[in-house]
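Work out the full structure, taking the sequences as your base and the hints as a guide.
Chain by chain, the residues run as shown.
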Amino acid sequence: MTEQQQIPEQFDEIRADRACIGCGFNLYAQPVTKEEHYGLAICRCPECGTVAALQQYPTMTHWVNRFRALIAAIWVVVLLAFFVGNTGAISGMTGAACDEGARHMGNLIGQAHQNWEDEKLIKLKAIEAEGASDTQADPTSTQPAAPLDPLAALNAPGTTIITNSNGVTTINGVTMTTTTGNSSGGRWTSITNEWRDAYLDDTIALNGGLWANVNREFLIFLVPMTIIGTLFGIFWSIALLGATRKKALLVPLVACSIGLVIVLAIHAPDRTYVYGQSIAVSMYAPLIAPIMFAYQFLVIAFGIWIGRKVARVVVTLALPPRSRVPLSILWTRDGLPIPSAK
Amino acid sequence: MPRSHTCPSCLKELAKIRAIPDPQYALPIVVCPRCEHTSVRTRHPDIQYWREFRRLHGSLRSLLLRLALIVGSSLLFWMLVMVSDELFSPGGRFDPVYPIAIGDVDYLIGGVSVLGGSVFLMMVVSMLMSHRRVFFGALVLIVLSLFFITIDFMTTGAMHLIATIADFDFGVHMPSGSEMIDRFQRFGYLLSVSMIGIIPAIVLRNTINDTPRRRFRRVLRRKRKQRGSND
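Protein chains in written order, with this note's numbering: chain A, 2 to 343; chain B, 82 to 312.
Check before you lean on any hint, since a few could be wrong.
[To be verified] Interface residues of chain B toward chain A, partial, derived using beta-carbon atoms under 10 Å:
#1 85
#2 87
#3 93
#4 117
#5 130
#6 134
#7 137
#8 141
#9 236
#10 240
#11 243
#12 294
#13 296
[Said to hold, decoys possible] Label pairs and their in silico Cβ distance ranges:
#14 255/A <-> 299/B: 42 to 52 Å
#15 307/A <-> 266/B: 32 to 42 Å
#16 202/A <-> 266/B: 34 to 44 Å
Read the hints as simulated data drawn from the structure, not as lab findings.
Idealized CB from N, CA, C, for every residue including glycine.
In structure tokens:
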């Protein structure tokens, strides 16, 4: 083998960007040679020695695929964020509707409890006053005791009344009432478990039951629910182009189911609830929340149904024909022809 | 810098040579200056991906920008209609000549601002909609402004309807019929004045469309279409 045969013939050099498939080194200015065995055009990387066949697409490094994966991941994160936002929004509105619907009952419970507390206080004071008068009265007297005056009983000597910063009042060490700022109609009155066990069911029954005392103003929430739900539906219809509209309905279904569980879990009957309003909400949430979530599901489904049509109309109106081409998937996805220039 | 493209025959680097579209097949053809071998410059599949991504990004950006400008202009138009209540009808009566009649400088400045603003907004929307018919921009502005003018009426009306059906009192203020008529009157007045804005929009559109770059694109499109019809 001669010296002439060992050195491959150089035809030209690379005068553009071409990354080495082995190490990514830019092969700019490297000589192009003809490979001996097959006669292929090759270029040898000066860094790692890897041979690059030049009659192929130039390698673009792994970063292209990494960018693709990154964009896909960002899109998934955005969709998840919207899903969380959607669930939070519908749950929040439903929670507010439950709170509004329970307003009357909360007031009733608070007022009933307040009446019971007042009666209890008066009785206690009356007993104390009776005891005090007994110690001062003539034990040999045969006259019956005079009727007890509640006001006099409250002002009897030897009574210690303490009201702390939380509004909890104790009389001679006995907790009496915890009324704090009852200007809202009594629903923020603290309810004792003693009253709750003994009188709560009777109070509701005496006032005509739950449905008779629902505050119907909660229905006002249907208006913002309609607007926001439709907008979310339109978003899902456009964002989930890979799915049919029937499959896209799974998203609001799951969101409403999760929201329902969250609202019911938050307002589940609990002995730790102390306010009349929170007790009332815990009773109304199982009634109002399913209705509200069912309505929101229907509204979002309506948004999904009209979403792609709305998007097509907006794109057609706002963009000139040439700029519509990259968004043609809005038409092709539903088997429609892309609108012409006119 | 362009990507490498070597001649399959003599291995010369052809990256710097411009590809000329073939008249028969419209393929980007490169002729090697050394061996005169003809090769087709093919695009890298990944480049195609990025090109599509860039086009999609451009379209979405253009769409969002146009929508923001159109909706923003409509909102501003709605605001002009609402503030013109103070300007034109101090006694609750719609009187377009009021600022001129009283001769107050502040009112005159306000009046000119409102009317000039309405003309400018009409011009903006008409230009943004210039790819369609001339009065389409005006139609879009009318529809969106009417939507904003009546949105409080519609929402509170829906709330009052629910309150009536469910039989409870609802104390949210709902615009009265006379208030709405007053709004529509002012809207009609401003709209009729703003139509002047269509004229500069048409002039500007023609000027923009006549730039050398756009003219070249138009010619190219026409030639391609002709070539397609000949094939």
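Does 32 to 42 Å hold as the CB distance between residue 307/A and residue 266/B, or does it fail? Since the Cβ atoms of residue 307/A and residue 266/B sit about 33 Å apart, the hinted range of 32 to 42 Å holds.
Evaluation of the interface hint that places residue 87/B against chain A, nearest CB under 10 Å: With a closest approach of 5 Å, the residue 87/B hint holds.
Interface restraint verdict for residue 141/B against chain A (beta-carbon cut-off 10 Å): 8 Å, holds
Mind checking the CB of residue 93/B against every CB in chain A and telling me if the closest is under 10 Å? This hint holds: residue 93/B lies near chain A, its Cβ roughly 5 Å from the closest one there, short of 10 Å.
The hint names residue 137/B as touching chain A; please verify it with the least Cβ-Cβ distance against 10 Å. 4 Å, holds
Hint status (Cβ of residue 85/B to nearest Cβ of chain A, threshold 10 Å): With Cβ-Cβ at 4 Å, under 10 Å, it holds.
If you take the shortest Cβ to Cβ gap from residue 240/B to chain A, is it below 10 Å? At 5 Å from the nearest chain A Cβ, residue 240/B passes the 10 Å test, so the hint holds.
With a cut-off of 10 Å, does the beta carbon of residue 243/B approach a beta carbon of chain A closely enough for the hint to hold? 5 Å, holds
Taking the least C-beta to C-beta distance, is residue 130/B closer than 10 Å to chain A? 7 Å, holds
Given the hint of 42 to 52 Å, is the C-beta distance from residue 255/A to residue 299/B inside that range or not? Because 50 Å falls inside the window, the suggested range holds.
Confirm or reject the claim that residue 202/A and residue 266/B have a C-beta distance inside 34 to 44 Å. 60 Å, violated
Min Cβ distance, residue 134/B to chain A: is it shorter than 10 Å? 8 Å, holds
Comparing the model with each earlier hint shows violations of hints 4, 12, 13, 16; every other hint is respected.
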